Amino acid sequence: MSNELEITQDINNKFTAQQARGLNYEENLLWEKERSDHSGVDLPVPEGSAVRTGLPERTEDIGLPQVSEPQVVRHFVKMSTWNYSIDHGFFPLGSCTMKHNPRLSEKLACLAGFAHIHPKQPESTVQGALKLMYELQNWLAELTALPGVCLVPAAGAQGELAGMMTIKRAHELNNQSQRKIVLTPDSSHGTNPATAVMCGYELRVISTKDTGRISIEAFKEALYATSDDGSDIAGMMVTNPNTCGLFETNIKELADLLHEAGGYFYCDGANFNALVGKIRPGDFGVDVMHVNLHKTFSTPHGGGGPGSGPICTTVKLAPYMPVPVVGMKNDTYCLQWEEDRPETLGRLKGFNGQFAIHVRALSYMMSCGANGLKQVAEDAVLSANYIFSQLKDDFHAPYDAPCMHECIITDKIQKDTGVTTIDFAKALCEYGFHPMTVYFPIVLSGTMLIEPTETESKESIDRFITVMKKFAEDIKSGDTEKFHSFPLSTPRKRLDEVIAARNPVLRWSCN
Amino acid sequence: MRYLPQTKKSRKEMLEAIGVSNVDELYKDVPESAFIDGFADLPHHKGELAVERILTSYANENISATNVPFFLGAGAYYHHIPASVEYIIQRSEYLTAYTPYQPEIAQGTLQVIFEYQTFIAQLTGQDVANASLYDGASSCAEAALMAMRVTKRNKVVIGNELHPDYRGVLKSYVGNLEDASIEDGEPDEKTACVIIQSPDFYGQPHGFEYWRKKCDETGALLVVVINEIVSLGLLPSPESADIVCGEGQSIGLPMSYGGPHLGFFACKKKLIRQMPGRLCGMTKDADGKRGFVLTLSTREQHIRREKATSNICTNQGLCALAFTIHMSLLGEDGFKRLARLNHEAACRLADALEEIDGVKLFTEHFFNEFVIELPKDAKAIVDVLAEKSVIGGYALDGNQLLVCATEMTTDEDIKTFVSVLTEVLK
Chain S
1 MSNELEITQD INNKFTAQQA RGLNYEENLL WEKERSDHSG VDLPVPEGSA
51 VRTGLPERTE DIGLPQVSEP QVVRHFVKMS TWNYSIDHGF FPLGSCTMKH
101 NPRLSEKLAC LAGFAHIHPK QPESTVQGAL KLMYELQNWL AELTALPGVC
151 LVPAAGAQGE LAGMMTIKRA HELNNQSQRK IVLTPDSSHG TNPATAVMCG
201 YELRVISTKD TGRISIEAFK EALYATSDDG SDIAGMMVTN PNTCGLFETN
251 IKELADLLHE AGGYFYCDGA NFNALVGKIR PGDFGVDVMH VNLHKTFSTP
301 HGGGGPGSGP ICTTVKLAPY MPVPVVGMKN DTYCLQWEED RPETLGRLKG
351 FNGQFAIHVR ALSYMMSCGA NGLKQVAEDA VLSANYIFSQ LKDDFHAPYD
401 APCMHECIIT DKIQKDTGVT TIDFAKALCE YGFHPMTVYF PIVLSGTMLI
451 EPTETESKES IDRFITVMKK FAEDIKSGDT EKFHSFPLST PRKRLDEVIA
501 ARNPVLRWSC N
Chain Y
1 MRYLPQTKKS RKEMLEAIGV SNVDELYKDV PESAFIDGFA DLPHHKGELA
51 VERILTSYAN ENISATNVPF FLGAGAYYHH IPASVEYIIQ RSEYLTAYTP
101 YQPEIAQGTL QVIFEYQTFI AQLTGQDVAN ASLYDGASSC AEAALMAMRV
151 TKRNKVVIGN ELHPDYRGVL KSYVGNLEDA SIEDGEPDEK TACVIIQSPD
201 FYGQPHGFEY WRKKCDETGA LLVVVINEIV SLGLLPSPES ADIVCGEGQS
251 IGLPMSYGGP HLGFFACKKK LIRQMPGRLC GMTKDADGKR GFVLTLSTRE
301 QHIRREKATS NICTNQGLCA LAFTIHMSLL GEDGFKRLAR LNHEAACRLA
351 DALEEIDGVK LFTEHFFNEF VIELPKDAKA IVDVLAEKSV IGGYALDGNQ
401 LLVCATEMTT DEDIKTFVSV LTEVLK
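Protein chains in written order, with the working numbering: chain S, 1 to 511; chain Y, 1 to 426.
Just chain S, with the same shape it has in the complex (with noise of 0.2 Å):
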């Protein structure tokens, strides 16, 4: 692994005979610094003693680094100028509402009654704590119309789980184990593929290429490939609306087909911030769906977690839903675990679910409530309505409008002059933008995928809009080289993956 080294030196030198620019900052990494005499933590002096671990004590020097508080604080502060956020300006990547974050909800999820109980406190010490996640819950239903809630999945793909194990588990209890295949469209997340092989399913994907929706007859040529009744199908994972921003016209014949063989309605609730408020999923069709918290309702994303992705069902799926659900006996708020809920699929994560995540979601619900929440659907619905208005004429627009809260264009017509969607995701970070979600879905190529959500200004919409037609323009006139440079401005340029993957260097060492 020689090779490895040297790239690594010869990146590391380069790097230590950099400066600073104006308000463009270096930082090193940790290791590189001198290394400090003394932690930047003033802990007691330990008395010394003798262990009592039973094993020899660690005395090996382990490698961290060492430096002061003043050095740590400036260290990290450099660092996060490098980053774009939210809070910096438009942020339309689609399939992952990137909304405002309410800084009220982190004022409450760091109150000292939420943030430091412990999850196996007795249940008299934290009736405050059940009570909120009973409210969560009690919001939670009454917006997907599915009355069984399950707070415990971790992030979106944990609930994806959640929803696909109870589907699971209920076809098992109900001597339905024959059920082993999974309709889902090419056009979903990946996580809906994944996950129903991490359930032990075998996948059918039905093609939805040409109109980006699944059409009656391609559902109905998967549903009864293998079996005249579709005995052998568990269930379906849709999404919808679609991650072609499309609402699934046919939703309620197709899972009036499915429910008729037997199968469940599994519904990926990543796009529910175009429907929340205004129309309830269990209203067409969904047995089960995960709600990401961390995007209709607000929860920071933190630079890729923590999320938090409950689950919603039908009350015949709600026996077999994951454990602890929060029930209510006596007027006593209690965590219903395996003895009082025996059909359980039981456990998937530690203790109870992400719970100054629920505080989070329960303060942005009872901010907007059922007026400002319906009010959000359509300000997001509007808003990429508007956009895909003002851009269908200078990018390929693959399907007609309306579109939900997302909308897609690709680089169709650019691409023959060598300008394609990568570059366009490049030159808006030179823009000041963070740019739409690029090459998803994989049903076309060269896709973008826009979600304004309702938290931009029109004044803010307009801006991307004309630098979105500047570009288009540019390329018609010509002026195509300088895309392939983008961004020059950011705190790097464009970075090499291909030798990150080839020669993989994953921490820091002192060789």
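Take the hints with a grain of salt, since some may be wrong.
[As the list claims (entries may be wrong)] Chain S regions said to be covered by chain Y (calculated; three or more residues, Cβ under 8 Å):
| no. | stretch |
| --- | --- |
| 1 | 161 to 168 |
| 2 | 366 to 377 |
[Said to hold, decoys possible] Simulated DEER-style distance windows between Cβ atoms:
| no. | chain 1 | residue 1 | chain 2 | residue 2 | range |
| --- | --- | --- | --- | --- | --- |
| 3 | S | T59 | Y | K360 | 26 to 36 Å |
| 4 | Y | G398 | S | L173 | 26 to 36 Å |
| 5 | Y | K307 | S | K78 | 34 to 44 Å |
| 6 | S | E497 | Y | T410 | 47 to 57 Å |
| 7 | Y | K190 | S | K78 | 51 to 61 Å |
| 8 | S | S124 | Y | P164 | 20 to 30 Å |
| 9 | Y | R149 | S | S207 | 21 to 31 Å |
Just so you know, these hints were derived from the structure itself, not from any lab.
Note that the coordinates shown come from a computational prediction; the quantities given were computed from them, not determined experimentally.
Where is the CB? At the ideal position from N, CA and C, for every residue including glycine.
Since the structure of chain S is provided, determine the placement of chain Y on it from the hints.
Coordinates of chain Y only, in the frame set by chain S:
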């Protein structure tokens, strides 16, 4: 509603530009029966003050560890969090950023992940670590699934007292797969991995030589689970393991009634292509400057779909940041000192509790938590202690109580615990 910037005027302008007369025309693809008639049957919007009042009153109904003598551990630990940690993680640039899909404008998050991975690799004595998983329990389950992929075997063996939540999650994850099984005991030629927790659920530290040898004999992987990561500052490095995973909540994160916490996951270099979760790697930009990107994503669901190593999508970014800041502040000496302070607090607690009539120390060796044997049912005792404003520990079956001390535990706390427990046992 204060979170919405659109005005009547801007909404009207947008509708006109689209060419529709009202927003419902944009919902024409939705079946009529799915619409809510009017508003959902929920309260209407509230101002900031009103929401703050309501939820603060909920918080006040809970007994917080900040206010009472607190001796509960069992997988989530009450430790001190330096103020700098809490302030830095609230910075917009970290808090409201997304997954670093566009590395040129996410170098802050990426370098933090690289540093986090380095910390975890060093602490666990492993070659590499991922960008984090949901929590210790799901991390342990992912380790078992990974061992099954690597060895192409279907049996998972639990070698000692694994945390019951971890065991439960393992059962749910592994139980999904056909022919897969979980057994207690020792590995054989069909075993994918042996899972050893240290300190185990009863707080007892374990060496790994015996299990390493058993694994070498049978070809199973050795998975070490650590759910009190502070222990790694005092106990020997689990470097002989193939995978080390567990819970990082103790460094930088509050208990928050069970989440979000921080699942860490580290392994030997030869296994990286079978690892679950995100990885950040070093690279260079167009000018040759050092930078960081997410890498080896061909293992992941968004590329590999049904062939992915896991369905996991996010990591616990902000939690990993809190961990990284706290570790940076502690440094080598601070981390080891913290571990020693925890152990010494537990030693003092053990000595004090043993003085009480009828109380026996059940575990001879421990790090910062241990089991005591009471003359009465432990669950009932815990409830009575709570009434007297002492959070006394985790009741095991029968008369056994798992108690924990950390650097937060004062001599005053121990004195109160001893006197209240003495009174309760009378």
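Hints and how they fare:
no.: 1; hint: 161 to 168; in the structure: holds (count 3)
no.: 2; hint: 366 to 377; in the structure: holds (count 11)
no.: 3; hint: S:T59 - Y:K360: 26 to 36 Å; in the structure: holds, 32 Å
no.: 4; hint: Y:G398 - S:L173: 26 to 36 Å; in the structure: holds, 32 Å
no.: 5; hint: Y:K307 - S:K78: 34 to 44 Å; in the structure: holds, 40 Å
no.: 6; hint: S:E497 - Y:T410: 47 to 57 Å; in the structure: holds, 51 Å
no.: 7; hint: Y:K190 - S:K78: 51 to 61 Å; in the structure: holds, 52 Å
no.: 8; hint: S:S124 - Y:P164: 20 to 30 Å; in the structure: holds, 22 Å
no.: 9; hint: Y:R149 - S:S207: 21 to 31 Å; in the structure: holds, 30 Å
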